[in-house]
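2 protein chains.
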Amino acid sequence: MNIDIQKVCILGAGTLGTRVALQAALSGFQVRIYDLSEELLERSKQTMQKLLGALRKEGRFTEIEDEVLWSRLLFTTDPATAVKDADLINESVTEDVGIKQEVWKRFGALAPEKTLFTTNTSYLLPSMFAEHSGRPERFCALHFHDVFTARVVDIMPHPGTDPGLIAPLERFGEALEQVPVLVKKENSGYLFNTMLLALIGAAGKLLTKEVASVEDIDKSWMVNFHMPQGPFGILDAIGLDTAYHVTKARKDTASQQFAALLKTYVDAGKLGKKSGEGFYRYK
Amino acid sequence: MNIDIQKVCILGAGTLGTRVALQAALSGFQVRIYDLSEELLERSKQTMQKLLGALRKEGRFTEIEDEVLWSRLLFTTDPATAVKDADLINESVTEDVGIKQEVWKRFGALAPEKTLFTTNTSYLLPSMFAEHSGRPERFCALHFHDVFTARVVDIMPHPGTDPGLIAPLERFGEALEQVPVLVKKENSGYLFNTMLLALIGAAGKLLTKEVASVEDIDKSWMVNFHMPQGPFGILDAIGLDTAYHVTKARKDTASQQFAALLKTYVDAGKLGKKSGEGFYRYK
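If you read the protein sequences in the order shown, they are chains L and D.
Taking the numbering used here, I'd label the letters of the first sequence as residues 1 to 283.
Taking the numbering used here, I'd label the letters of the second sequence as residues 284 to 566.
One or more of the hints may lead you astray.
[As the list claims (entries may be wrong)] Residues from chain D shown here face chain L by an in silico Cβ test under 8 Å; the list is partial:
id, residue
1, A433
2, K468
3, A481
4, E493
5, V494
6, D499
7, W504
8, N507
[To be verified] No farther apart than 27 Å at their CA atoms in a straight line, the calculated lysine-lysine pairs in the DSS-like style are these:
id, chain 1, residue 1, chain 2, residue 2
9, D, K468, L, K209
10, D, K468, L, K251
11, L, K57, L, K114
12, D, K556, L, K248
13, L, K185, D, K468
14, L, K273, L, K209
15, D, K468, L, K248
16, L, K185, D, K492
17, D, K531, L, K185
18, L, K209, D, K534
19, L, K114, L, K84
20, D, K468, L, K219
21, L, K185, D, K488
[What the hints assert, rightly or not] Every beta carbon over 12 Å from chain L, so not counted as near; a handful from chain D, in silico:
id, residue
22, L357
23, P362
24, L407
25, K488
26, Q512
27, S558
Hints were generated in silico from the structure; no laboratory data involved.
Even for Gly, the Cβ is constructed at its ideal location relative to N, Cα and C.
All chains should be modelled from the sequences, with the hints used to inform the complete structure.
Given below as structure tokens:
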């Protein structure tokens, strides 16, 4: 398939959409980023400025002039402007099946014929909205982690995806300084989150069964693997509210018991790093 | 409890016993190391020399004079000599319930009254041999990982262990430059291996269900967590024969399917790093 990606449309200017848009612009792509209000777009722009400052402090992307960078980014609340001439759409809207279906129905109808459709969903599956886009064969999951530190991008086709999309999406991921991995069959949570949840589930079970303390469980992982965080430190970074919802959705007894424990933290306002306290206290 | 540990007896001069003995000597303890034959003891001594060379290349333990170090180590095939005046026994014999029971029956009867009994078992439980030692209340698991790189030591009492043993064992672990963690209830695999097996189980399931390749599953973990190895790289280091036995012992369907896959590697002589090939090839 002769696919040349140069112009990118990002749907949803939240945490992940903002990061993907910034990296795409840093990598030289023309980027249009869409959200529902000017306020949301303004916030996204401010986040980009902060991110860029932090990255440049680390010595990254210092060679790119501000004027050039910002000229590659267009923020818009107008759907037609957003998808105009787009080679690829990457959708990062709210993690809700109904909302994503509506969005793909709308933007699928508006997009030029050449556009590739990709979703950045974290736990849903591309087959849930592929048909709604009107072009299931050109629809695929393209899932980023945090773009700048965790640089894996999952490429996950649904059964109706044209296999010819894989190679251009891999090249696009590499152009965005990511390491592409292929998820050959639809799998909620892709590869990394599937493994991370297994680790966290085992840690949660050790805790709820009172086998060991939060600190000792984390230490076992951190010291043996020379890692800066153990499973509970990771949960504090993810947010215990998110962790609660994900754990609650798993139906086995151990997950339900761990979800009940996580709920006591959430109910007490201990949401992890972002609230200043979770399993650990933060300053 | 007023326990002063100065003299240590190591039962079993295999991989782990050798390392614990060497670290104990490096930490200033008087160490007697026992095994069944002079040949096994000679091999242990050679392993220590190699280890020491590698550690000193890294700049570690360079301040300890060889003469002083070796004067702290006594290699013996005589049980009475091995336990003479020992403050603590750490047992690392073959991972077999019957053998460990025999060993504890024999050495429990020989040891001085003051001796603490500890087992370095990887997957068995201290309650399986505590009674055989004749002093279950002075019996506890004290489990090392690889001593020099993975520096966690698990302290795991069985229900009959005197709680007064915990603090002296923690101090002993720290004296051996380990990070002690308390496993409050008997749990096969302690903390680290329980979590590692969950991670490996999830990775194995992704592979047997053909969701992704070995390389892509590993990459997801390595790139996002900035780790030098993913689950299959770790398995190659552990040895696929060991991995097969541990996985085979787990009775769920996913483990059985992964065990069947591991068996094809073992049957083909691909045991991981030690044989030059496993999931990956090694030079």
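A quick look at each hint next to the structure:
1. Taking 8 Å as the C-beta contact cut-off toward chain L, the hint placing A433 of chain D at the interface holds, the least distance being around 4 Å.
2. With its C-beta approaching chain L no nearer than about 5 Å, K468 of chain D sits inside the 8 Å limit, and its interface hint holds.
3. Taken as an interface hint, A481 of chain D checks out: its beta carbon lies about 3 Å from the nearest beta carbon of chain L, inside 8 Å.
4. Proximity of E493 of chain D to chain L holds as hinted, the smallest CB-CB distance being about 6 Å (cut-off 8 Å).
5. For V494 of chain D, the interface hint holds, since its Cβ comes within 8 Å of a Cβ in chain L; the closest pair sits about 5 Å apart.
6. The interface hint given for D499 of chain D holds, since its Cβ lies 4 Å from the closest Cβ of chain L, which is under the 8 Å cut-off.
7. Taking 8 Å as the C-beta cut-off, the interface hint given for W504 of chain D holds, the closest approach to chain L being about 6 Å.
8. Using the Cβ-Cβ criterion of 8 Å, the hint placing N507 of chain D at the interface with chain L is satisfied: the shortest such distance is roughly 4 Å.
9. With a C-alpha separation of about 9 Å, the suggested pair K468 of chain D and K209 of chain L falls inside the 27 Å cut-off, and the hint holds.
10. Distance restraint check for K468 of chain D and K251 of chain L: the Cα-Cα separation of roughly 25 Å lies within the 27 Å cut-off, and the hinted pair is therefore satisfied.
11. Note on K57 of chain L and K114 of chain L: the hinted pairing is violated, with a Cα-Cα distance of about 39 Å set against a maximum of 27 Å.
12. For the hint pairing K556 of chain D with K248 of chain L, the CA-to-CA distance comes to about 40 Å; that exceeds 27 Å, so the pair is violated.
13. Between K185 of chain L and K468 of chain D the CA atoms are separated by roughly 40 Å; this puts the pair beyond 27 Å, and the hint is violated.
14. Among the hinted pairs, K273 of chain L with K209 of chain L is consistent with the structure: their alpha-carbon atoms are about 25 Å apart, no more than 27 Å.
15. This hinted pair checks out: K468 of chain D and K248 of chain L have alpha carbons roughly 26 Å apart, not beyond 27 Å.
16. For the given pair, K185 of chain L sits about 9 Å from K492 of chain D by alpha-carbon distance, which is consistent with the 27 Å threshold.
17. Our distance criterion of 27 Å between C-alpha atoms is met by K531 of chain D and K185 of chain L, whose separation comes to about 26 Å.
18. For the suggested pair K209 of chain L and K534 of chain D, the alpha carbons sit about 21 Å apart, so the restraint of at most 27 Å is met.
19. Between K114 of chain L and K84 of chain L, the direct Cα distance comes to roughly 11 Å. Compliance with the 27 Å bound is thereby established for this hinted pair.
20. As the CA atoms of K468 of chain D and K219 of chain L are separated by approximately 17 Å, the hinted pair is consistent with the 27 Å bound.
21. Pair hint K185 of chain L plus K488 of chain D holds up; C-alpha atoms about 13 Å apart against a cutoff of 27 Å.
22. Even its closest Cβ contact with chain L, about 30 Å, leaves L357 of chain D beyond 12 Å, as expected for a residue assigned away from the interface.
23. With a minimum CB-CB distance of about 33 Å to chain L, P362 of chain D clears the 12 Å threshold, and the non-interface call stands.
24. Consistency note on L407 of chain D: stated as away from chain L, and its beta-carbon is indeed over 12 Å from all of that chain's, at 16 Å minimum.
25. With a minimum CB-CB distance of about 8 Å to chain L, K488 of chain D fails to clear the 12 Å threshold, and the non-interface call is violated.
26. Once the 12 Å rule is applied to beta carbons, Q512 of chain D is inconsistent with being away from chain L; the minimum gap is 9 Å.
27. Every beta carbon of chain L lies more than 12 Å from that of S558 of chain D, the smallest distance being close to 24 Å; the non-interface claim holds.
Hints 11, 12, 13, 25 and 26 from the earlier list are contradicted by this structure; the remaining hints agree with it.
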